[in-house]
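Peer 1: So you can see what is in the structure, the chains are spelled out below.
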Amino acid sequence: MQVNENETFVPTIVAFCCNWCSYAGADLSGTNRLQYPSNIKIIRVPCSCRVNPMFILRAFQRGADGVILCGCHPGDCHYTTGNYYARRRMTLLFSMLDYLGIERGRTRVEWVSAAEGQKFAETMKSFAAEIAALGPNRRLEDLRCRK
Amino acid sequence: MKIAYYPGCTLKNRARELDRTARESAALLGIELEEIPVWQCCGGAYTSAKDEIATKLSSVRALAAGRQIGDGRVATVCSACYNVLKQTNHEFAVNPDFDFKVNNYLKGDPEYHGEGEVVHLLELLRDEVGFEELARRVTKPLKGKRIAAYYGCLLLRPSSALAFDDPENPKIMEDFIRALGAEPVLYPMRNECCGGYLTLSDRETAKRRSTAVKESAREMGADFMITACPLCLYNLTKNTDDPIPVRYFTEVLADALGLGGE
Amino acid sequence: MNHDFKDRIVRMSGAAVEKCMRCGKCSATCPNYGEMEYHPHQFVYMVERGEVERLMASPSIYACLTCFACVERCPRGVEPAKVIEAVRLEVIRQKGQNYLKPDDIPATLDDDLPQQALVTALRKFAK
Amino acid sequence: MQKIGVFVCHCGTNIAATVDVKAVAEALGREPSVAVSTDYPYMCSESGQNLIKDAIREHALDGVVICSCSPRMHENTFRKAAAQAGLNPYMVEIANIREQCSWIHKDKEEATEKAIILGRAAIAKVLLNAPLTAGESPVTKRALVIGGGIAGIQTALDIAEAGFPVDIVEKEPTIGGKMAQLDKTFPTLDCAACILTPKMVDCAQNENIRILSFSEVEAVSGFVGNFTVKIRRKARYVDETKCTGCGLCTEKCPVKKVPNEFNLGMDQRRAVYIPFAQAVPKVARIDPDWCNMLKNGKCGLCSKICTVGAIDYKQQDTILEEQYGAIVAATGYEPIKVDRYDEYAYTQSKDVITSLEFERLTNAAGPTSGTLLRPSDGRHPHTIVFIQCVGSRCTPEKGKTYCSKICCMYTAKHAMLTREKYPDTDVYVFYIDVRTPGKNFDEFYRRAAEEYGVHYIKGAVGKVAPRADGTLDVQGSDLLMNEQLHIRADLVVLAAAIEPSKTARPLATMLTASMDTNDFFTEAHPKLRPVESPTAGIFLSGACQGPKDIPETVSQASACAAKVIGLLAKDKLTGNPCVAHSDEWMCNGCSNCASVCPYGAITYEDRDFRMPDRTTKTRRVAIVNPAVCQGCGACTVACPSGAMDLYGFSNSQIMAEVDAICK
Numbered sequence: 001m002q003v004n005e006n007e008t009f010v011p012t013i014v015a016f017c018c019n020w021c022s023y024a025g026a027d028l029s030g031t032n033r034l035q036y037p038s039n040i041k042i043i044r045v046p047c048s049c050r051v052n053p054m055f056i057l058r059a060f061q062r063g064a065d066g067v068i069l070c071g072c073h074p075g076d077c078h079y080t081t082g083n084y085y086a087r088r089r090m091t092l093l094f095s096m097l098d099y100l101g102i103e104r105g106r107t108r109v110e111w112v113s114a115a116e117g118q119k120f121a122e123t124m125k126s127f128a129a130e131i132a133a134l135g136p137n138r139r140l141e142d143l144r145c146r147k
Numbered sequence: 001m002k003i004a005y006y007p008g009c010t011l012k013n014r015a016r017e018l019d020r021t022a023r024e025s026a027a028l029l030g031i032e033l034e035e036i037p038v039w040q041c042c043g044g045a046y047t048s049a050k051d052e053i054a055t056k057l058s059s060v061r062a063l064a065a066g067r068q069i070g071d072g073r074v075a076t077v078c079s080a081c082y083n084v085l086k087q088t089n090h091e092f093a094v095n096p097d098f099d100f101k102v103n104n105y106l107k108g109d110p111e112y113h114g115e116g117e118v119v120h121l122l123e124l125l126r127d128e129v130g131f132e133e134l135a136r137r138v139t140k141p142l143k144g145k146r147i148a149a150y151y152g153c154l155l156l157r158p159s160s161a162l163a164f165d166d167p168e169n170p171k172i173m174e175d176f177i178r179a180l181g182a183e184p185v186l187y188p189m190r191n192e193c194c195g196g197y198l199t200l201s202d203r204e205t206a207k208r209r210s211t212a213v214k215e216s217a218r219e220m221g222a223d224f225m226i227t228a229c230p231l232c233l234y235n236l237t238k239n240t241d242d243p244i245p246v247r248y249f250t251e252v253l254a255d256a257l258g259l260g261g262e
Numbered sequence: 001m002n003h004d005f006k007d008r009i010v011r012m013s014g015a016a017v018e019k020c021m022r023c024g025k026c027s028a029t030c031p032n033y034g035e036m037e038y039h040p041h042q043f044v045y046m047v048e049r050g051e052v053e054r055l056m057a058s059p060s061i062y063a064c065l066t067c068f069a070c071v072e073r074c075p076r077g078v079e080p081a082k083v084i085e086a087v088r089l090e091v092i093r094q095k096g097q098n099y100l101k102p103d104d105i106p107a108t109l110d111d112d113l114p115q116q117a118l119v120t121a122l123r124k125f126a127k
Numbered sequence: 001m002q003k004i005g006v007f008v009c010h011c012g013t014n015i016a017a018t019v020d021v022k023a024v025a026e027a028l029g030r031e032p033s034v035a036v037s038t039d040y041p042y043m044c045s046e047s048g049q050n051l052i053k054d055a056i057r058e059h060a061l062d063g064v065v066i067c068s069c070s071p072r073m074h075e076n077t078f079r080k081a082a083a084q085a086g087l088n089p090y091m092v093e094i095a096n097i098r099e100q101c102s103w104i105h106k107d108k109e110e111a112t113e114k115a116i117i118l119g120r121a122a123i124a125k126v127l128l129n130a131p132l133t134a135g136e137s138p139v140t141k142r143a144l145v146i147g148g149g150i151a152g153i154q155t156a157l158d159i160a161e162a163g164f165p166v167d168i169v170e171k172e173p174t175i176g177g178k179m180a181q182l183d184k185t186f187p188t189l190d191c192a193a194c195i196l197t198p199k200m201v202d203c204a205q206n207e208n209i210r211i212l213s214f215s216e217v218e219a220v221s222g223f224v225g226n227f228t229v230k231i232r233r234k235a236r237y238v239d240e241t242k243c244t245g246c247g248l249c250t251e252k253c254p255v256k257k258v259p260n261e262f263n264l265g266m267d268q269r270r271a272v273y274i275p276f277a278q279a280v281p282k283v284a285r286i287d288p289d290w291c292n293m294l295k296n297g298k299c300g301l302c303s304k305i306c307t308v309g310a311i312d313y314k315q316q317d318t319i320l321e322e323q324y325g326a327i328v329a330a331t332g333y334e335p336i337k338v339d340r341y342d343e344y345a346y347t348q349s350k351d352v353i354t355s356l357e358f359e360r361l362t363n364a365a366g367p368t369s370g371t372l373l374r375p376s377d378g379r380h381p382h383t384i385v386f387i388q389c390v391g392s393r394c395t396p397e398k399g400k401t402y403c404s405k406i407c408c409m410y411t412a413k414h415a416m417l418t419r420e421k422y423p424d425t426d427v428y429v430f431y432i433d434v435r436t437p438g439k440n441f442d443e444f445y446r447r448a449a450e451e452y453g454v455h456y457i458k459g460a461v462g463k464v465a466p467r468a469d470g471t472l473d474v475q476g477s478d479l480l481m482n483e484q485l486h487i488r489a490d491l492v493v494l495a496a497a498i499e500p501s502k503t504a505r506p507l508a509t510m511l512t513a514s515m516d517t518n519d520f521f522t523e524a525h526p527k528l529r530p531v532e533s534p535t536a537g538i539f540l541s542g543a544c545q546g547p548k549d550i551p552e553t554v555s556q557a558s559a560c561a562a563k564v565i566g567l568l569a570k571d572k573l574t575g576n577p578c579v580a581h582s583d584e585w586m587c588n589g590c591s592n593c594a595s596v597c598p599y600g601a602i603t604y605e606d607r608d609f610r611m612p613d614r615t616t617k618t619r620r621v622a623i624v625n626p627a628v629c630q631g632c633g634a635c636t637v638a639c640p641s642g643a644m645d646l647y648g649f650s651n652s653q654i655m656a657e658v659d660a661i662c663k
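Chains as they are written, first to last, in the working numbering: chain A, 1 to 147; chain B, 1 to 262; chain C, 1 to 127; chain D, 1 to 663.
Think of the hints as simulated: they come from the structure by calculation, not from any bench.
For glycine and all other residues, C-beta sits at the position ideal for the given N, C-alpha and C.
Misleading hints may appear alongside valid ones.
[To be verified] Listed next, with one range per pair, are the computed distances between beta-carbon atoms:
no.	chain 1	residue 1	chain 2	residue 2	range
1	B	Glu183	D	Gly297	39 to 45 Å
2	C	Ala16	D	Asp433	16 to 22 Å
3	D	Thr241	B	Glu183	54 to 60 Å
4	B	Glu132	A	Gly75	57 to 63 Å
5	D	Asp377	C	Asp110	45 to 51 Å
6	C	Pro106	B	Gly108	34 to 40 Å
7	A	His73	D	Met481	40 to 46 Å
8	D	Ser376	B	Gly130	32 to 38 Å
9	D	Met481	A	Glu122	47 to 53 Å
10	B	Arg136	D	Thr244	56 to 62 Å
11	D	His59	A	His73	41 to 47 Å
12	A	Glu122	D	Gln323	47 to 53 Å
13	A	Gly75	D	Cys590	25 to 31 Å
[Unchecked claim] Taking lysine-lysine pairs in the BS3-like style, the calculated list, with each CA pair at most 25 Å apart, reads:
no.	chain 1	residue 1	chain 2	residue 2
14	C	Lys6	B	Lys101
15	B	Lys207	C	Lys101
16	D	Lys242	D	Lys141
17	B	Lys143	C	Lys127
18	D	Lys171	D	Lys242
19	D	Lys458	C	Lys19
20	B	Lys171	D	Lys398
21	B	Lys145	B	Lys171
22	D	Lys663	A	Lys125
23	D	Lys171	D	Lys314
24	D	Lys439	D	Lys405
25	B	Lys50	C	Lys127
26	B	Lys238	C	Lys6
27	D	Lys108	D	Lys141
All chains, full assembly: derive it from the sequences and hints.
Peer 2: Structure, rendered in C-alpha cells:
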C-alpha cells in the first residue's frame, strides 16, 4: 500500500503470469502500447501451476492490496494440465481467504493468451480499479514487515 | 409385489378392457396394481413449453401420491399416461427452475422433487416377472400367430426422458410377443405416429397416418396388431378402412394366461 | 425482424435454434410433412431469422403431430417439435384464438372415441 | 557478500523516453550487494554485451541484472554473453522495463519508479540464483513406430532410409491397416493395393526395419532419447521363422465358417488363415477361438500337412523388451458403430452397409470378387443411396462433434465408380455440405456429378424402411426443392464417422501423451508443431491425431519421420536445467508430486538415511528425472512438506520478488 501526498490511495498489486501465455500477452499489450496502471508489477513463473497459494498470502502479508494470477486458457496450457491445477488450488484459496476475512475480490484468476494483449490490459485496468475501490489491505498486512 | 397404479381417465371409460386385463394378468403374475386413491387426468399430452407448470401438476400429485404405495414407483398401462408422467418426472432432474416453481404451486401439499419413478406394465413384465417366466406361465400359447407390435411415439420419444427402449429399433414388445408363443412381425412403421393428437381437429390426416401404419404391418404379413395406447387403438381401428384387428397387449396377455374365458 | 417474438419462442421452447446446421433431417423424418405449408426445418430456420409471425399465421402449426421423431433424430439436438409447439402456443394463448372450441367438439364425437382424444386435443389446440 | 552488476538499457528512446534510465541505474546502484550499475543505449549490441562482459571480469560479478526488453526477446543473448565472460548463464536475470514498463506508461516519474521496483525484484531474485548446468542424456538411435497402417509404414520407411533402425509394432497379423482394405483411392483412382503393397514389401525388405506383427505395446518407461518398451508378441501358433506363407494349411483346415474380419464379416475364412494375399509378413495365424485342436485337442490337420513344421499349438505369448530414442504413435482410426443410428436400419437390413463394407464389395479381392452385389440376395443393385455424415457433426450426446473429413471424397469415388461400371444404376447422394478442400478434390467431385450423372441431393435422410419386396424405402428431404422424397433403393451406404482406434487411449496413458476429448492425440502446437506430442520424444503420425485422407496422412507421416530423424541424429540431448528437484531429507514419499506430474518424471526410490541416533532408516523418496521434467512446477505446490522445488523459479526466489515488489 502506498498513500501519496494528496492522500489518494494507490494500491500495490502483484500479477503472477505464466511464461507461455499471459506473460507473452503482457508483452503484447506493451508492444501495442496499451496502457494499464503502473502499480501492477508482474512476476514471471513458468506456469500458473507454479504459483503456490503461499506466495499470494505472502504478498498480502507484505502489504500487497491485490494479487492476480494469469495463465493459459483451459485446454491451452503449455504443460497440458497446469492451469487446471492452478484453478483448483485458487478455488480452495478463495474459500480460505473468506475465512481469513480477506475480501474475495482481492485475488483473481484470469486466462490470457499470448495473443490477448488487449484483454491483458483491460483485465489489469479493471482489477486495479476494483482493488482501489476495496481500499488498502489492512487485515493481513504484517506491520512488522513494513519498512 | 405391490406397486402404485395410475390408470388414467380413458382406462376408466372407453378402455375398461385395457384396465381389467392389465390388473387381472398382473395379479396372476404376482404384481398387485394398487390404484392411487385420488388422482386426476394427466392431460394426455405433455406440453414441452418451459413456462407451462400448472398443466403438469396433476401428474406431479400422482407421482407424489405414488410414494406412499409399494416401493414408490408408479405403474401405468396407457402409453399417453406413461409419456406424460415420465416426462414430468424427468423435468425435475434436468430443470431446477421447474422443481422450484412446481413446489411453489404445491404449497400445502407435501413437496415433490422427482424422487419417484414411472414404469410401464411392459417393463414390469420384463424386469419383475421376466419374459422367460412369463413364457412358462402361458397356458394358451398363441402358436402360429404373426403379431405386429405397434409402439407409436408415446412409449419411445423423447428417448432422453423416457429411456424405454431403443427408439429406432425397440424390442420389448417383440420379446413379449415371443413369450406368449407367437411370432413378432417387424415392420418399419411400428415407431411412427398414428396421428393421434389430430384425431379431433383433422380426422382425415390422422386417418392417412394410421392407414400408413397398418399398410406397413399388413405388408410384412401381420395377423393382428397390439398396442398399449387407447388413442392409437381407436385410430388404427375406427379411423382407417384396413380390417387387420388391433388389440390391447393386455388382452392378448390375458388370453395367453388363460383368463379369457373361452 | 421481430426479436420479441423470437426471444419468447426460444425461451418457451428451450430449443437451441442456432445449433441447426441445416441438414434437413427433421423434415426428412417428419411423417406429416405432406400436410404442412412450412416444414420442421423451416420452423427452426425462420424462428432463428425472426420470421415468427409468418409461422404464426400458417395452418402448419396445427399439423405437427408432436410425435417427436424430429427431436429424436436431429443430430444437433435442436428439438424442432418444441419450436412448433411454442409458436402454436404463442397463437392460441392470445384471446379468442383457440383453434378448437368446446362448441365444435360434440359434432366430432362417436361412441368409441377415447377420452384421451378429447383431453389431448384441448390441451394442444385450446387454452 | 555477492557482487551484482546492474545494466540499464535505453533501447534507443524506446525505454529512455519514458524511463529516466540514469536515475534507475543510480537508484539500483545504491542497493546493497550491487557492485556496479550503469546504463547504455543498446545493451544487446555487441558493444553493449562487451560492456557487460568487461564488468563481469573486472568486478568478479556473481550475478547480473539487465533492465531491458522482455526476457522473451534477449534472455538468451545475455546468458551467452555472461557465459563468455565466465559467469554461469543462469546467474542472469532480466527486469522487463520495456514491454511491461516504458511502453505502457506515459508519466516519466511513474515509469521510472516502476522500473526501479522491477530492477529491485530482479536483484532480489538473482541473489538467490544458483549456477545451473543443463544436463545431457544420450540418445538411443532406434525408433519405435506403433501401428502398421500407411502412416506407420511411411514414417518407418523414411526413418529407415535415413539410416536408423525402426521397429513397427502392429496388433494385427499383418501390416497394411485400413488402406489395405480399400479398393481405389481418390482423386486419381489408383488401386489402393497397387500403391500400398510395394511399400509393405519395402518394409519387409529394408534392413533397418523390423516388423513385429501381431504384437502390442505393453509398457513404456523412460524419457526422450531413452525409452524402454515392453512389447507383447501374441501367440499366433505358427512359427514366424519357419512359415513360408504357402497357404496349404489355410486350404485344408476343416473349420470353414469363421467370419472374415478383413472382409468385415461378409464372407468366411478358416480357423488357420493369412489375412489377405499380399499380407506382410506372409505368415499364417491360428485363431484359438475357432481351432478345434486348440479348443479340444481334436484335429491337428494343419500340423500334419505343413511341410516345414511351422505349426506350434503350444506357442505362448512372449515379452520383448527394447530400447528406443523416439516413439511414433500411428494408431489410426476405426469407423464408428452405426447401430445407434438405427433410423437407417443398419441392424435391420443386410442391404444397409457402411462405406468400408462397400469398399470390400467393390474390391477384386473382396467377398464378391469385385462385382457389386447386394449382401441379402446377391443381386445387382439398381438404385443406390449414399447417406453422408452418419454420426459426424453431431452434438456430443448424438455422436462425434467433428467432421470426419474423408467421407465426401470417398463417397464421390464410390458413386463415380458405380456409375462407370454399372451405367444402369441410379446413384443418389444425400449431403449436408460437400467438403472437398484438397488438390484436385473439388474437380473430382464435380466430375462425379457432371460426367457420371450422380444425383447429389442437398438434404438428410430421416428413415430407411425395409420393405417386404426386399427394397429399402429411403425417406429424405430435398431442401432445394423443399420436398420430402421417397426413393426405392436396393442398397443404402452409410458414410460412418471415423474415430480413433480403441487402442489409442491406453497407449496414450503409457506414453503420458495427451489426448483431446475425442481421444485423438494432441499435438504440441496445433499450427507450429503438428507432428509432435507435447511429451518430448513422442511423435504423431496419421489419423491418430485427427481425421485424415491418404495424401495428408503420408505427408504428415514423412514430416513426423523428419522430426524423429532430427532427434536420432543427435548424440546427446541438452536439457532445460530449470527443472524440479526434491530434498530427500524433507520428502515423505507421499506420491502427491507424481500424481500431478504430466510427464511421469517423478519416480520413487528407497533410500537409507543415517539418523542422529546412529540408526539407519529406509524411506521412500521422490526422484525427479531431469531429462523428463519440463519445469512446470506443478509438483512444487503439490508437495506438502516443501521438499520439492524448482531450479530457476525456486520458492525463495519468487518470494524474494514478491517482497521486493511489495516493499
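Peer 1: Hint by hint, note whether the structure agrees.
Peer 2: Verification of the supplied hints:
One distance hint, 39 to 45 Å for the beta-carbon pair Glu183/B and Gly297/D, holds here, with the actual separation near 41 Å. Between Ala16/C and Asp433/D, the C-beta spacing of about 20 Å keeps the proposed range 16 to 22 Å intact. A hinted range of 54 to 60 Å holds for the C-beta pair Thr241/D and Glu183/B, which are about 56 Å apart. As the Cβ distance of Glu132/B to Gly75/A is approximately 50 Å, the hint placing it in 57 to 63 Å is violated.
Evaluation of the 45 to 51 Å hint for Asp377/D and Asp110/C yields a pass: the beta carbon distance comes to about 46 Å. Pro106/C and Gly108/B have their C-beta atoms about 37 Å apart, which keeps the hinted 34 to 40 Å range intact. A C-beta distance of roughly 44 Å is found between His73/A and Met481/D, which places it inside the suggested range of 40 to 46 Å. Remark: the range hint 32 to 38 Å for Ser376/D to Gly130/B is upheld by a beta-carbon distance near 34 Å.
Range check, Met481/D to Glu122/A: Cβ separation about 50 Å, and the 47 to 53 Å hint holds. For the pair Arg136/B and Thr244/D, the beta carbons lie near 58 Å from each other, so the given range of 56 to 62 Å is met. The hint said 41 to 47 Å for the Cβ distance between His59/D and His73/A, and at roughly 45 Å that hint holds. Here the CB-CB span from Glu122/A to Gln323/D is close to 52 Å, well matched to the stated 47 to 53 Å.
Remark: the range hint 25 to 31 Å for Gly75/A to Cys590/D is upheld by a beta-carbon distance near 29 Å. The straight-line distance between the Cα atoms of Lys6/C and Lys101/B is roughly 24 Å, inside the 25 Å bound, and the hint therefore holds. The hinted pair formed by Lys207/B and Lys101/C meets the criterion: a straight-line CA distance of about 22 Å does not exceed 25 Å. Taking the CA atoms of Lys242/D and Lys141/D, the gap is near 30 Å; set against the 25 Å cutoff, the hint is violated.
Taking the CA atoms of Lys143/B and Lys127/C, the gap is near 49 Å; set against the 25 Å cutoff, the hint is violated. Our distance criterion of 25 Å between C-alpha atoms is met by Lys171/D and Lys242/D, whose separation comes to about 21 Å. In summary, the hint linking Lys458/D to Lys19/C is supported, as the alpha carbons are separated by about 18 Å, within the 25 Å threshold. Restraint check: the Cα-Cα separation between Lys171/B and Lys398/D comes to about 21 Å, which is no more than 25 Å; the hinted pair holds.
With a CA separation close to 18 Å, the supplied pair Lys145/B and Lys171/B stays within the 25 Å bound. As the CA atoms of Lys663/D and Lys125/A are separated by approximately 22 Å, the hinted pair is consistent with the 25 Å bound. Restraint check for Lys171/D and Lys314/D: satisfied, since their Cα atoms lie roughly 20 Å apart, inside the 25 Å limit. In summary, the hint linking Lys439/D to Lys405/D is supported, as the alpha carbons are separated by about 14 Å, within the 25 Å threshold.
For the proposed pair Lys50/B and Lys127/C, the alpha carbon gap of about 16 Å is at most 25 Å, so the pair holds. As the CA atoms of Lys238/B and Lys6/C are separated by approximately 40 Å, the hinted pair breaks the 25 Å bound. About 57 Å separates the Cα atoms of Lys108/D and Lys141/D, which puts this hinted pair outside 25 Å; it is violated.
Checked against the numbered hints listed earlier, the structure breaks hints 4, 16, 17, 26 and 27; every other hint is satisfied.
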